[in-house]
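Visitor: Spelled out, the chains give:
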Amino acid sequence: MVEEQKRKNGKRNLRGCKMRKILFLLFIFPLSVFAGQIGDDVEYSGYIKNEVWFRTNTDTSHQFLTSFKNTFDIGIEYKINDDWTFFFHPRYFYDFAYDIRDDDVFDRNQEIMGHTYQDEWLRDCYFDYISDNLDLRLGKQQVVWGQMDVPILDRVMPIDLTNWFLPDLADMRIPLWMVKLEYSPWVNSTIQALFIPDFEASRVAPPGAPFSFAAYNAFYDLQQSLPQIVDPGPPPVYLNNIFVDSKTPPGQFENSTFGLRWRSMIEDLEYTLNWLYGYSTSAYLYTDPTVSVFSIFPPPPPGEVNSDGYRSRRHKRIQMAGFSFAKTLVNPGPFEGLTLKGEFAYIHDEPTYYGTSGSREMTRASDKYNWGFALEKNIVTNWLVNFQFLQFIADRRTMIDPSTGISYRILDTSTYGVIDKIENVYVVKIMTDFMHERLKPEITIVYQDDNQGRIVPKVVYELRDNIWLKLGYAHFFGRPDSSNGQFRNRDLLMFEVKYTF
Amino acid sequence: MRKVLLFFVMAFLSVGVFAQELEYGKVYPLKAGMGADEVMRVMYHNKYSLFAQDYFLPKSKVLYVDTSGYTRTKIARRYRIIKEGKGGISYKDLIVVTYPTEIKGLAILTWTYEDFKKDQNVWLWVPSLKKVRKISASEDDDAFMGSDLTVEDVSTRRFEDETYKLIGEKVFDGYTFEHTQEVKSKGKPCFVIEATPLKPRWYYSKRLVWVDKETGGNIYEEYYNKKGKVFKTRFIEWGWYKPETKKYPMQIAIECKDLRTGHRTVIFNEEQEYDQGISEQNFTVKALMRSRW
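Just so you know, the protein sequences line up as chains H and X, in that order.
First residue of the first sequence: 1, per the working numbering; consecutive thereafter.
First residue of the second sequence: 502, per the working numbering; consecutive thereafter.
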């Protein structure tokens with residue numbers, strides 16, 4: 001019955017998908033033909049992109065064709081006058097992989113992963129006021145903090161982790177409606193003030209998707225296995241359902257996010273001081289009391305107790321304070337040309353999972369101290385080498401459950417694997433170019449504690465001014481309960497064609 | 502005796518002016534009889550437009566042409582403010598790429614110091630990250646934006662990086678601008694100077710520079726390898742920016758050919774302007790973050 005319903009839903013969705021495909025094609029082609037500039041005040045450009053991702057080591061849980069995604073993106077800038085500009089930037093994608101696969105195998109994630117999610121099609125929509133000392137940006141936008149490529153201070157925006165960290169960070173950030181004000185009392189010194197009444201939760205892939213978290217998959221599997229005995233009794237206790245309630249902060253002024261950043265320079269040392277106050281963009285799972293239920297129809301077998309479990313995903317108030325710096329050694333010497341960058345963030349009251357390996361037992365607020373530094377240098381003419389070291393430090397390695405007295409270890413949020421109080425991350429990135437910057441290879445290696453990480457080489461080739469090709473590979477390694485290791489069977493070959501206008 | 506003394510005093514004063522950096526905000530004409538060092542100081546003064554307060558190039562079109570004639574295009578805007586040594590900085594440069602769309606918005610902010618030994622400070626706005634990155638200055642021998650010009654050809658080579666020898670004063674034969682098949686700068690009187698890099702094992706052993714006596718611009722250069730063979734040529738068409746009372750030399754078009762690969766880079770600078778009162782606030786990290794692309 002359930003399978004039939006799924007199939008019917010699938011066919012209904014497929015019909016909708018075909019309509020969307022037609023509309024999509026009708027929409028993009030005329031625009032690509034008429035791309036250019038309208039007068040002196042309107043400028044626009046964009047792209048049509050096709051991405052195909054193949055899995056190279058398939059297992060039974062995932063399909064060979066991971067993604068066949070087509071994206072249309074256009075940015076339109078309208079210069080109202082010398083001071084004011086309006087910028088509008090929609091983007092829409094449709095993933096044909098769900099259609100190309102066997103019709104009988106309707107993928108339950110199509111509605112979430114198959115096309116642009118809710119109102120995320122609007123990437124930017126803002127008014128810009130620019131003057132010598134004061135800049136104001138009003139509307140939907142992205143704000144980026146920090147110096148590192150791995151986010152430490154970059155916590156203002158929610159992020160979309162449905163494809164882990166494979167997309168560009170600008171594409172992972174979920175834009176928000178906000179007011180951004182930048183005032184420069186003098187040259188090279190700026191105070192940035194943020195008022196963000198909007199709230200969006202960071203996104204993760206739904207269970208069963210190529211990059212869904214192990215913890216999510218396990219929870220989904222648990223839900224599918226219900227009802228089951230959770231206490232043999234006597235009397236035996238059955239868990240019938242687990243209900244999950246997602247709670248987002250109410251849309252009130254006091255729930256807004258506020259941020260301040262001071263950026264300045266001492267000689268040629270650039271630094272920032274940052275402060276952020278608002279709700280965590282990530283939702284954290286809490287266990288609410290289990291409720292015994294009595295069902296009249298059908299009546300429970302004699303001597304059994306039925307129960308429902310309740311969980312809630314909640315966002316909690318957090319506060320972050322930190323700093324960043326960057327400096328290039330410009331004076332002659334052995335380190336001339338070396339760029340040093342670093343940042344630190346203290347996060348107060350961030351929800352943290354504690355439990356045993358594979359099992360979250362409780363969620364408690366704790367403080368975090370995250371920091372990192374980077375070294376970067378161009379060597380041998382045009383090889384850029386970047387090394388980054390980061391530490392994510394929790395204030396407590398263990399937490400005692402006051403009701404049972406049991407001590408639990410800190411867990412990885414995505415896998416519920418046990419992690420250390422201090423997690424170390426090493427990143428090496430090497431980039432170069434050939435053929436007059438027509439061919440650009442690069443490799444990123446991320447290595448973390450417990451011998452886990454990912455290696456992502458890719459190469460971009462400019463076929464024409466307006467046609468770009470990209471070939472990449474993502475290799476994941478590590479234990480299955482580690483953040484990268486959970487994807488160890490999901491190595492990908494990625495191919496991309498981009499037509500820009 | 503008096504004449505001899507006067508000659509030495511004049512010669513000393515003349516050397517005194519050119520032995521140090523030329524003054525900002527002035528245009529220095531070239532004169533017959535000048536030495537190689539004097540000529541090259543003026544040439545660098547003009548190259549980096551140190552005679553002006555600021556510089557705006559709304560459209561610089563760069564063509565990358567391979568041996569088959571296939572052409573790629575990049576278009577950029579360029580801004581420069583002359584800091585005249587304040588804070589040790591000679592000038593600040595901002596380049597914003599406007600084409601191709603794939604890298605539209607890419608912006609590079611560079612601070613160049615008076616002290617020629619100092620590296621540049623460089624910031625990059627990366628559209629794919631929507632973020633400003635502090636980066637290390639490119640190596641001097643790296644290709645400038647993938648062109649046949651090196652980074653030092655465009656922005657880091659300084660007077661102090663080479664030694665100079667005057668080969669002679671000659672009339673330029675003219676250069677056939679391959680892109681238009683037009684013969685340019687024919688008959689211009691020039692100083693011909695041999696410049697030898699101080700860096701050991703550098704990518705060129707010497708270059709011959711034709712400096713136009715009228716504009717003080719380096720209209721033609723030949724780069725020689727260790728075997729004494731020319732491997733690269735660069736032609737620059739110089740002209741004048743002449744609004745009202747001002748008369749500034751400026752680069753109008755460039756053609757640089759790599760004779761080893763047959764690849765060439767052609768640059769057209771359009772609608773250049775000087776002294777427009779560009780604010781220094783435009784040469785800050787904040788200004789880079791204004792980018793919408």
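These are computed hints drawn from the structure, not numbers from a lab.
Model, not experiment: these values are computed from the prediction.
Even glycine gets a Cβ: it sits at the ideal position worked out from N, Cα and C.
Be aware that a few hints might be false.
Stated by the list, open to error - With a straight-line cut-off of 30 Å between C-alpha atoms, the simulated DSBU-like cross-links for lysine-lysine are:
no.: 1; chain 1: X; residue 1: LYS727; chain 2: H; residue 2: LYS377
no.: 2; chain 1: X; residue 1: LYS632; chain 2: H; residue 2: LYS458
no.: 3; chain 1: X; residue 1: LYS727; chain 2: H; residue 2: LYS458
Claimed, not checked - A few chain H residues facing chain X, derived, Cβ under 7 Å:
no.: 4; residue: GLU376
no.: 5; residue: THR432
no.: 6; residue: HIS436
What the hints assert, rightly or not - Chain X stretches covered by chain H per the calculated footprint, using a threshold of three residues with CB under 8 Å from any CB of chain H:
no.: 7; segment: 598 to 610
no.: 8; segment: 622 to 635
no.: 9; segment: 683 to 696
no.: 10; segment: 776 to 785
Visitor: Next, verify each hint and record whether it holds.
Guide: Against the structure, the hints:
1. Between X:LYS727 and H:LYS377, the direct Cα distance comes to roughly 28 Å. Compliance with the 30 Å bound is thereby established for this hinted pair.
2. Simply put, X:LYS632 and H:LYS458 have alpha-carbon atoms about 21 Å apart, close enough for the 30 Å limit, and the pair holds.
3. A hinted pair counts as satisfied when its Cα atoms are at most 30 Å apart, and X:LYS727 with H:LYS458 does not qualify at roughly 36 Å.
4. With 7 Å as the threshold, the beta carbon of H:GLU376 comes within range of chain X, its nearest partner Cβ sitting at about 6 Å, so the hint holds.
5. Given hint, H:THR432 at the interface with chain X, is violated; its Cβ is 10 Å from that chain's nearest Cβ, farther than 7 Å.
6. Hint status for H:HIS436 relative to chain X: holds, with the closest Cβ pair at about 4 Å, below 7 Å.
7. Here the segment 598 to 610 of chain X counts 5 residues with a CB under 8 Å from a CB of chain H, which clears the bar of 3, and the coverage holds.
8. For the segment 622 to 635 of chain X, the proposed coverage by chain H is satisfied: 9 residues have a C-beta within less than 8 Å of a C-beta in that chain, meeting the threshold of three.
9. Residues of the segment 683 to 696 of chain X with a Cβ under 8 Å from some Cβ of chain H number 0, which does not satisfy the need for three, so the listed coverage is violated.
10. Look at the segment 776 to 785 of chain X against chain H: 4 of its residues bring a Cβ nearer than 8 Å to a Cβ of that chain, three or more, so the hint holds.
Violation of the numbered hints given earlier is confined to hints 3, 5 and 9; the remaining hints are satisfied by the structure.
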